[in-house]
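**Student:** Here's the letter readout for the chains.
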Amino acid sequence: MRALRAGRLLFTKDLRVLVRSRGLLAVLIGYPIVIGILLALALSGGDRRPAIAFVNLDATSGRTVQVGDERLSMEDYATSLEEHVDLVRLDPAAAEEALSAGRVSAVLTVPKGFIADLQSGLKPPVLQLATNPRSPIEAQAIERNLESAIFRLNQELATAYVTQVLNLVDLIQKGGTIGIFGRSGTLMGLDDSNRMLAQVQAQLRRDGRGALATRLEPLRVYISEIGGNLELAKPAAQAIASPIRLDIRDGAPGREPLSALGIAGALVVGIGLVGVLLAAALLSAEREDRVLSRLGRGLAGPGTIIGQKAVLAAVACMIVGVVLLGVVAVSTSVEVGRWLLWLPALLLAGLASGAFGLLVGALARETRTALLAGLMLALPLAVISLIPGNDIAYWASALAGFGPAARTFQGLLVDPEVTSSTYSGMGIMAVVAVVYGVAARVALGRRMHA
Amino acid sequence: MGEPLLETRGITRRYGGVTALAPLDLVINRGERVALTGPNGAGKTTLLALLAGVGTPGGGDIRWVGDASRSVGWVPQRPALYPRLTVRENLRLFAGLERVDDAVATADRLITRADLGEFADRRANVLSTGTLQRLNLAIALAGAPALLLLDEPTGTLSPDQRVRLWAWMDDLVRTDGMTLVFSTQSMDEAARSSDRMLVLARGRLAHDGPAGAIDEAAFMTLVEEAP
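Residue numbers (this note's numbering), protein chains in the order written: chain A, 1 to 450; chain B, 1001 to 1227.
Isolated chain B, as found in the complex:
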């Protein structure tokens, strides 16, 4: 297990009168692949968004360890990009906003790495779902993040697109030493593609253990017994 990269201490979030996240303590280690699962409304997206800095916790704090603070790539569930710009223009724009030294070179490198060369000069609004998700992920990598947060990245993908996406994610962890935290509705995907599995239920952390340590029956028990 790597060194701690990020810690949360008692972070909470409420939307109106609804508790989305109860006080939650968590440590994410460097180079880990962490799967975050749980039923709908369990707080998975809320937790990822708070880690990404998209929202502000109602209470508690998030502490980055070492010099990797704020170096986060955020892949929202639905692609967050400009549909009327081309693939290349989107990547150059976000690389520029990430203040990389050479946005043009960064965009070209990401196009190659995400296997988007064929679509580089096409507008995003004509891309297929799988290609669009690759672009969504490539944009998140523009700032060369240490931590990549993905909200249900394979939810809309076909089986072959899922395989290709996870192959790319594995490469990022192996080659770049990146840390992954992703949410998923699939226990199989969580078991297959992660080192560690977190189960959230009603805004609380119901389980934190190695991937594959619990089966579906145990998962159901955790969810149903959550306070």
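For reference, chain A alone in the conformation it holds in the complex:
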């Protein structure tokens, strides 16, 4: 009860001091929000087109593939890819050197025999993509870009092939002119064959040779059924050409979509920096004001001081998080829901980063040192927490709770169902908060009774 009363008094005092220190407040809260928003925009990518080295090892074959009425070469393929990425045509050695030097983001290689494979249809042709492992975020974006480009191209090819097949089916059914090896001829077609056979049967019956006409009947039925079955195959072939169509429409004007990674990045950096810097500044200020010796005489113990400042930092982080999510909900097409999970997630992220900041504040001798140390430790950890699919980055950034926070936020934004990883991320944040809170309490206790 005494500790609660002391904590409430110090909480109110801290709020009052913060409100009066507008410059400090701007640095502690405004700066992280601005950095977070800038990071969100940067991670969302905008319209930037990555530069990709294009190595064509099949160029000397000079082969082309006939698709419908058109004959396509590898250059046509590259031209269609250029609608999505900037291709730089290089030889293999130059491409490897450019990738290593970071002048291109990836190398796309067309292996020997690509067109032959495409033409034979015996096995699917394969393109090879090498990305720079030092830029995993960009690599992921490039992979998505190329997958999208190749999907569209495959769809166009499939449609052309099926159209060609359907033309042949039409030719078999209805007859017409066919060109083979530069020479053309007339094909009769199943319909005409059926009609001609029926006429022959009628003539035979008129000539009193009904038995022979009857013997021809199975052949006429067979021709008729083939025609019917080929007719049935047409819609099936159409479906194979494009089983699912993607209808792309422009969004409402003025609502630019941010990626989940961008939003999670803004939240992690914003909340992380607010929590760390605010907590570190609040605690080191107690020392700079020399009041710890007074408080330590039974007025407020280290546990009370750490607890009230952790709560203050967490509440500030939650407010910053809600404001950022509000901005996202109002200004982008992302729908923000699940508020019953967002609030504890933001609170836990604030507690974890706040406890980390409190440890920094308890160890630093003055406020400026605490702020500088907090910034130097928190900013890189927050940034590496956004590297996707990298366990080392995840656990390194988990040191301040940032990695689990990033995954939890992304999960809440995009996962169709709330998964166990969301809850485990929140659990890890709670553990981080407790560990740093206890460590900060021990360090502060030593300072107060040194």
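Don't take every hint at face value.
Pairwise CB distance ranges (calculated) [what the hints assert, rightly or not]:
#: 1; chain 1: B; residue 1: Ala-1144; chain 2: A; residue 2: Trp-395; range: 21 to 29 Å
#: 2; chain 1: A; residue 1: Pro-380; chain 2: B; residue 2: Glu-1216; range: 43 to 51 Å
#: 3; chain 1: A; residue 1: Arg-290; chain 2: B; residue 2: Val-1027; range: 26 to 34 Å
#: 4; chain 1: A; residue 1: Arg-8; chain 2: B; residue 2: Val-1027; range: 37 to 45 Å
#: 5; chain 1: B; residue 1: Arg-1123; chain 2: A; residue 2: Pro-380; range: 36 to 44 Å
#: 6; chain 1: A; residue 1: Tyr-31; chain 2: B; residue 2: Glu-1216; range: 51 to 59 Å
#: 7; chain 1: B; residue 1: Asp-1176; chain 2: A; residue 2: Arg-290; range: 23 to 31 Å
#: 8; chain 1: B; residue 1: Ala-1105; chain 2: A; residue 2: Leu-4; range: 19 to 27 Å
#: 9; chain 1: A; residue 1: Pro-380; chain 2: B; residue 2: Arg-1063; range: 50 to 58 Å
#: 10; chain 1: B; residue 1: Gly-1177; chain 2: A; residue 2: Leu-4; range: 19 to 27 Å
#: 11; chain 1: B; residue 1: Ala-1105; chain 2: A; residue 2: Gly-337; range: 49 to 57 Å
Residues from chain A that face chain B, not an exhaustive set, calculated with beta carbons under 8 Å [as the list claims (entries may be wrong)]:
#: 12; residue: Leu-4
#: 13; residue: Leu-25
#: 14; residue: Ser-184
#: 15; residue: Arg-290
#: 16; residue: Ser-293
#: 17; residue: Ala-300
#: 18; residue: His-449
Derived by calculation from the structure, the hints in this document are not laboratory data.
Owing to the predicted nature of the structure, the values given are computational and were not obtained by experimental measurement.
All C-beta atoms, glycine included, are put in the ideal place defined by N, C-alpha and C.
Following the hints, put chain B in place on chain A, whose structure we already have.
**Tutor:** Leaving out everything else, chain B in the frame of chain A:
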């Protein structure tokens, strides 16, 4: 001489490899004004801080006599308060932390008593050194202590501010029956403002006697001959 208020038995304190306080036995009596003097690094601040409960002795123990245990006001050498709060807010906060029944009334009473009325709603970071020291002392009085420990309270004050401060201290002893233990670098101040003078040298108690019993020459001899 009053009844014993506090006793120390063999208390020690070391910082790293340096002995700040050798085993020290001491009795502080109720209503006394005790001056603690000695050269820099003699252990004056360490002794006061241990008595105030700011630090923990490395050895020995501090025993409070009677029901006045832990009722201590601590006035550190440099003001320990919140610069961005006003005088009134600082006093209300520390009165609240001392768990007094009515923090608002206590703060108002201290403002009057410390002659801080003119500055009550000014922030502490705009106060002059003398006014700030009065606030520092008023905060220490928020819990109505039986023992007031002051670490070089007049070190940064002008002569007129010193006179006013000691007049207030005398009033606290006379009117409230408070016990004072203060450290000072001035033999004159120690002789003038105390009943009893302690001399610390190299962490040991070199002298314990009535105020004015030793002059500067005797003081120098004590300091130089300290083991």
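**Student:** Determine for every hint whether it applies to the structure shown.
**Tutor:** Hints and how they fare:
no.	hint	verdict
1	B:Ala-1144 - A:Trp-395: 21 to 29 Å	54 Å, violated
2	A:Pro-380 - B:Glu-1216: 43 to 51 Å	60 Å, violated
3	A:Arg-290 - B:Val-1027: 26 to 34 Å	30 Å, holds
4	A:Arg-8 - B:Val-1027: 37 to 45 Å	40 Å, holds
5	B:Arg-1123 - A:Pro-380: 36 to 44 Å	37 Å, holds
6	A:Tyr-31 - B:Glu-1216: 51 to 59 Å	57 Å, holds
7	B:Asp-1176 - A:Arg-290: 23 to 31 Å	26 Å, holds
8	B:Ala-1105 - A:Leu-4: 19 to 27 Å	23 Å, holds
9	A:Pro-380 - B:Arg-1063: 50 to 58 Å	53 Å, holds
10	B:Gly-1177 - A:Leu-4: 19 to 27 Å	34 Å, violated
11	B:Ala-1105 - A:Gly-337: 49 to 57 Å	51 Å, holds
12	Leu-4	12 Å, violated
13	Leu-25	12 Å, violated
14	Ser-184	95 Å, violated
15	Arg-290	4 Å, holds
16	Ser-293	5 Å, holds
17	Ala-300	6 Å, holds
18	His-449	6 Å, holds
The structure fails hints 1, 2, 10, 12, 13 and 14 (numbered hints given earlier, in ascending order).
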